[in-house]
Amino acid sequence: MKNPQHDWHNPNVSNYQNTIRQKIIGYDLIYDMMTDILQSYLTIDNMLIVGAGGGQELSSLGKAFPFSHFTAVDTSKIMLQAARKHIEKLEHPLHIEWYEEDLLSVVFDHQFEVASCHLVLHFIEELEQKKALLQKMADSLLDRGILFISSINADMSAVSFHHQLKYWRSSMLQNNLSEEHWLRFEQSFGSSTYPITLELLTDLLHDAGFSTVIPYFKSHMVDALLAIKEEVNK
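Numbering-wise (our numbering), the sequence shown opens with residue 237 and increments by one.
Calculated from the structure, these hints are not laboratory results.
Among the clues, some could well be false.
[What the hints assert, rightly or not] Think about it this way: if two alpha-carbon atoms lie no more than 30 Å apart in a straight line, the pair counts; the simulated DSSO-like pairs of lysine-lysine are:
(1) K372 to K402
(2) K366 to K454
(3) K321 to K402
(4) K259 to K402
(5) K325 to K313
[As the list claims (entries may be wrong)] Listed next, with one range per pair, are the computed distances between beta-carbon atoms:
(6) T433 to D264: 44 to 52 Å
(7) T279 to T448: 36 to 44 Å
(8) T433 to I273: 20 to 28 Å
(9) S393 to Q371: 21 to 29 Å
(10) E361 to I261: 24 to 32 Å
(11) E361 to S276: 18 to 26 Å
(12) E336 to E361: 17 to 25 Å
(13) A300 to R420: 32 to 40 Å
All C-beta atoms in this analysis are idealised placements derived from N, C-alpha and C, irrespective of residue type, glycine included.
Construct all of the structure, not just a fragment, from the sequences and the given hints.
Structure (structure tokens):
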């Protein structure tokens, strides 16, 4: 049976937004820093949000770029409903095209200047599927387009992994999560959470066509990266 925290079609998944900040230390910084970085661009017309359910990216980016066009993709109807509710609080209504399906099955009629994929990759089990997702996002971006991506990255076979878990547990308990909640999270590794190393993720991004990869945030095993798609000489 799937862990309901990671079964995105289970009604209990709505609790995700209630605890994510207690799990991911500095969670809001991932999105705030992304928005700050993008402020150096005068205009951004089209943004692709992969794993848009919950609405954090749409809320953060929508406040800063209320006149941009957003394409929101997520396989979970429940999480997309949460996203719609989240952005109702914004002053300006956003122009959003919603897709309740897997990104790999979506065909776009244009490319994007910016894409984001936060806290999604580690829920994909097969390496080939991770590669396919990264390639699809690269193909969906214009040359010199930017991908913001964050995920849990670790080598579960390394001795240091157990130390990392210990320290992460301490942070979660200090953030008022219960021991039971922590144990469910710990047991998800290898059953519904499938991290890869940061080094491998960086290599996969390069292989997908991102010439520049820049880390911009880290908390325990969570890394956030900015990846720039290389310009193809024509």
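Run the distance test for K321 versus K402: straight-line Cα separation, threshold 30 Å. 35 Å, violated
Can the suggested window of 21 to 29 Å be confirmed for the beta-carbon pair S393 and Q371? Given about 26 Å between the Cβ atoms, the range holds.
Does the alpha-carbon distance linking K372 and K402 stay inside the 30 Å limit? 35 Å, violated
Look at the Cβ atoms of E336 and E361 and judge whether their distance stays inside 17 to 25 Å. 21 Å, holds
Using the C-beta atoms of T279 and T448, is the stated range 36 to 44 Å upheld? Since the Cβ atoms of T279 and T448 sit about 22 Å apart, the hinted range of 36 to 44 Å is violated.
When you take the CB atoms of A300 and R420, is the distance between them in 32 to 40 Å? About 35 Å separates the Cβ atoms of A300 and R420, which means 32 to 40 Å holds.
Pairwise beta carbon distance, T433 to D264, judged against the given window 44 to 52 Å: Violated - the Cβ-Cβ distance for T433 and D264, about 25 Å, lies outside 44 to 52 Å.
30 Å Cα cutoff - pair K259, K402: OK: K259 and K402 at ~13 Å, within 30 Å.
Please test the hint of 20 to 28 Å on the beta carbon pair from T433 and I273. This hint holds: roughly 24 Å between Cβ atoms.
Given a hinted range of 18 to 26 Å, is it respected by the beta-carbon distance of E361 and S276? Violated: the Cβ-Cβ distance is about 36 Å, outside 18 to 26 Å.
Does the alpha-carbon distance linking K325 and K313 stay inside the 30 Å limit? Holds - the C-alpha atoms of K313 and K325 are around 20 Å apart, at most 30 Å.
Holds or violated: K366 to K454, with C-alpha atoms at most 30 Å apart: Given pair K366, K454 holds - Cα atoms ~21 Å apart, limit 30 Å.
In the structure shown, a violation is registered for the earlier hints numbered 1, 3, 6, 7, 11, in ascending order.
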